[in-house]
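Q: Quick note, the sequences are listed as chains A and B, same order.
Just so we're on the same page, my numbering is the position in the first sequence counted from 1, plus 44.
Just so we're on the same page, my numbering is the position in the second sequence counted from 1, plus 196.
Errors might be hidden in some of the hints.
To be verified - DEER-style ranges, computed between Cβ atoms:
| # | chain 1 | residue 1 | chain 2 | residue 2 | range |
| --- | --- | --- | --- | --- | --- |
| 1 | A | 330 | B | 289 | 35 to 41 Å |
| 2 | A | 56 | B | 244 | 57 to 63 Å |
| 3 | B | 210 | A | 62 | 42 to 48 Å |
| 4 | A | 137 | B | 240 | 38 to 44 Å |
| 5 | A | 48 | B | 267 | 22 to 28 Å |
| 6 | A | 47 | B | 251 | 31 to 37 Å |
| 7 | A | 330 | B | 201 | 31 to 37 Å |
| 8 | A | 90 | B | 290 | 29 to 35 Å |
| 9 | A | 330 | B | 240 | 32 to 38 Å |
Unchecked claim - To give an idea of the chain A side of the interface with chain B (calculated C-beta under 8 Å), a few residues:
| # | residue |
| --- | --- |
| 10 | 152 |
| 11 | 153 |
| 12 | 154 |
| 13 | 332 |
| 14 | 336 |
Stated by the list, open to error - Okay, the calculated bits of chain B under chain A, using three or more residues with CB under 8 Å as the criterion:
| # | segment |
| --- | --- |
| 15 | 205 to 214 |
| 16 | 234 to 246 |
| 17 | 257 to 270 |
| 18 | 279 to 288 |
By construction, these hints were calculated from the structure, which means they are not laboratory data.
Predicted, not measured: the structure shown is a model, and the values here were computed from it.
We put the beta carbon where it would ideally sit given N, CA and C, even for glycine.
One-letter residues, chain by chain:
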Amino acid sequence: MPTGYARMAIESQPGNEVNTPTLSTKKLFPPLQSLQPTRGESPLSRDDELRNVDEPLAVIPESYSPTWEMSVRAYPDTMGMLFSLILGVPTTTAGDGIITDLGGSVIPTNAYRHRFTAPFGPSGPSPRTAQLDLAYADQGVYLKAKGAAASDLTLETPEQGGANVKANGPALYLDEQSDPGLSPSYEALSIPPFFRGNLTVPGLAGGGATQDFGLSINNPVEALRTLGIASLYPDTMFKDNDGGPIVVSGTMPKELLDSTDLAALKAATGFELLASWVSTAIIASGYPYKMFFKAANAQYVEGTPDALANKRRHGASYSWKSTTTSSGSSTFEVVNATASYA
Amino acid sequence: MATKKRHGLILTLGGAPASPHVVSPLPGYYRPDVPHLVGGPEDDLTLAEAREAAKNHDILELVEVTPADAEAAEAVAEQDLAAGRNALADVRRDGRAGDSPSRAKDEADAVKGDG
Chain A
45 MPTGYARMAI ESQPGNEVNT PTLSTKKLFP PLQSLQPTRG ESPLSRDDEL
95 RNVDEPLAVI PESYSPTWEM SVRAYPDTMG MLFSLILGVP TTTAGDGIIT
145 DLGGSVIPTN AYRHRFTAPF GPSGPSPRTA QLDLAYADQG VYLKAKGAAA
195 SDLTLETPEQ GGANVKANGP ALYLDEQSDP GLSPSYEALS IPPFFRGNLT
245 VPGLAGGGAT QDFGLSINNP VEALRTLGIA SLYPDTMFKD NDGGPIVVSG
295 TMPKELLDST DLAALKAATG FELLASWVST AIIASGYPYK MFFKAANAQY
345 VEGTPDALAN KRRHGASYSW KSTTTSSGSS TFEVVNATAS YA
Chain B
197 MATKKRHGLI LTLGGAPASP HVVSPLPGYY RPDVPHLVGG PEDDLTLAEA
247 REAAKNHDIL ELVEVTPADA EAAEAVAEQD LAAGRNALAD VRRDGRAGDS
297 PSRAKDEADA VKGDG
């Protein structure tokens with residue numbers, strides 16, 4: 045029997061303590077490795093008051109600043125859902141034997157292409173948010189988070205353990221609820237997560253052999269108390285005023301130090317980056333589950349060669365950032381069996 | 197001669213991909229696109245139990261299945277069960293079963309106690 049579950053659904057508007065946003069038709073029970081809910085209690089301390097009491101005074105509830113943090117393997121359906129939370133609504137096209145994926149392969153019927161193209165995020169002042177229903181079923185404790193935005197998402201594809209996603213962010217509400225009576229359902233284990241053997245990343249032409257590839261999405265958001273409602277929780281989720289746009293960046297350490305990479309770092313040379321994860325599982329007509337990230341103009345922004353030492357070979361470490369001089373700097377694409385994330 | 201009416205359970209989880217899903221503690225796999233046949237391959241559910249399952253799980257709906265659809269559903273169920281057993285062996289090998297033992301057990305139960 046399951047010992048717990050979390051259900052995720054996108055909200056029509058950021059949910060707070062009092063409103064009831066419409067939830068997306070698409071619901072997901074992510075096959076969690078962990079999901080940490082934190083209510084963020086910050087009680088009022090009055091120890092600084094002159095009361096001729098030489099002991100701590102009782103604290104009283106003053107404010108809550110909820111956050112959440114999820115760790116999950118990069119399953120095809122889960123990735124579509126997490127991308128649609130942090131990047132916004134994808135353009136979904138049903139495979140028809142004509143349309144192609146970012147790798148140029150034709151997508152057959154019964155497979156669906158979900159494409160997320162920069163500039164990301166919904167229009168308007170607020171980011172997309174989700175409702176999370178969490179069940180600690182064995183303990184009979186049920187929580188609900190509303191207005192949960194994803195401020196950060198990182199994707200690593202280590203040699204062992206499968207591709208791993210970590211996502212986190214603030215929320216506008218997190219508290220106990222009565223048993224929502226949900227029945228969790230998970231895609232069968234025969235749909236595996238993406239893993240290292242699925243990944244190819246041709247880097248900068250002529251550069252050193254790639255050792256690893258890490259990707260990170262930063263979506264600056266802030267949970268604010270705009271005095272719209274009387275609540276100990278924040279009531280509004282906004283795009284962070286000082287945070288800038290959604291940025292996709294990452295790391296790409298190299299097995300071999302190469303002057304082509306060093307020169308590209310020095311000159312901030314742009315190059316196309318296409319990371320492709322091609323699953324071993326088939327969606328339909330021999331076409332496998334796929335995930336792509338394409339940077340039209342990746343640039344190294346930091347890097348150093350390995351320290352010169354008594355080694356048989358030296359590598360280098362680089363950080364890259366996806367940038368643009370016009371539009372469409374980054375494109376994410378997930379091809380899976382999910383018809384819609386609406 | 198009238199053909200005996202058959203029933204199946206359809207997964208109604210919103211936006212679920214057209215792939216096999218586990219609904220613990222029920223046997224077999226459940227899809228939004230193809231019904232899980234009551235009395236289908238390796239299925240122990242009686243019609244009464246299937247009715248109860250649909251009542252207890254908000255993500256399942258009991259539907260009638262035409263003979264033609266039943267044949268197709270049986271083929272899909274056999275395929276899903278075979279893929280499920282292979283996947284179970286894989287996750288035990290690669291360690292995923294270790295970090296999510298309850299899910300691996302649910303899946304083992306789904307493919308008939310291969311635990």
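Q: Give a verdict on every hint.
A: For each hint, the structure was consulted:
Taken as a hint, the range 35 to 41 Å is violated for the pair residue 330(A) and residue 289(B), whose Cβ atoms sit roughly 25 Å apart. The beta-carbon spacing between residue 56(A) and residue 244(B), approximately 39 Å, falls outside the hinted interval of 57 to 63 Å. The beta-carbon spacing between residue 210(B) and residue 62(A), approximately 25 Å, falls outside the hinted interval of 42 to 48 Å. Between residue 137(A) and residue 240(B) the Cβ separation comes to about 41 Å, which falls inside the hinted range of 38 to 44 Å.
Roughly 38 Å separates the CB atoms of residue 48(A) and residue 267(B), a value that falls outside the hinted 22 to 28 Å. Here the CB-CB span from residue 47(A) to residue 251(B) is close to 23 Å, at odds with the stated 31 to 37 Å. Distance hint check for residue 330(A) and residue 201(B): the Cβ-Cβ separation is about 36 Å, which falls inside the suggested range of 31 to 37 Å. Distance hint check for residue 90(A) and residue 290(B): the Cβ-Cβ separation is about 54 Å, which falls outside the suggested range of 29 to 35 Å.
Range check, residue 330(A) to residue 240(B): about 34 Å between beta-carbon atoms, so the 32 to 38 Å window is met. A least Cβ separation of about 13 Å between residue 152(A) and chain B goes past the 8 Å threshold, and the interface hint is therefore violated. With a least beta-carbon distance of about 11 Å to chain B, the hint placing residue 153(A) at the interface is violated under the 8 Å criterion. For residue 154(A), the shortest C-beta to C-beta distance to chain B is roughly 7 Å, which falls under 8 Å, so the interface hint holds.
Checking residue 332(A) against chain B: minimum C-beta separation of about 13 Å lies over 8 Å; hint violated. This hint is violated: residue 336(A) has a C-beta 18 Å from the nearest C-beta of chain B, more than the 8 Å allowed. Three residues within the 8 Å Cβ limit are the bar, and the segment 205 to 214 of chain B against chain A gives 7, so the coverage statement holds. Counting residues of the segment 234 to 246 of chain B whose CB lies closer than 8 Å to any CB of chain A gives 0, which falls below the minimum of 3, so the coverage claim is violated.
Three residues within the 8 Å Cβ limit are the bar, and the segment 257 to 270 of chain B against chain A gives 0, so the coverage statement is violated. For a cut-off of 8 Å, the count of residues in the segment 279 to 288 of chain B with a CB near a CB of chain A stands at 7, and the three-residue condition holds.
Taken one by one, the earlier hints fail for this structure at numbers 1, 2, 3, 5, 6, 8, 10, 11, 13, 14, 16, 17, listed in ascending order.
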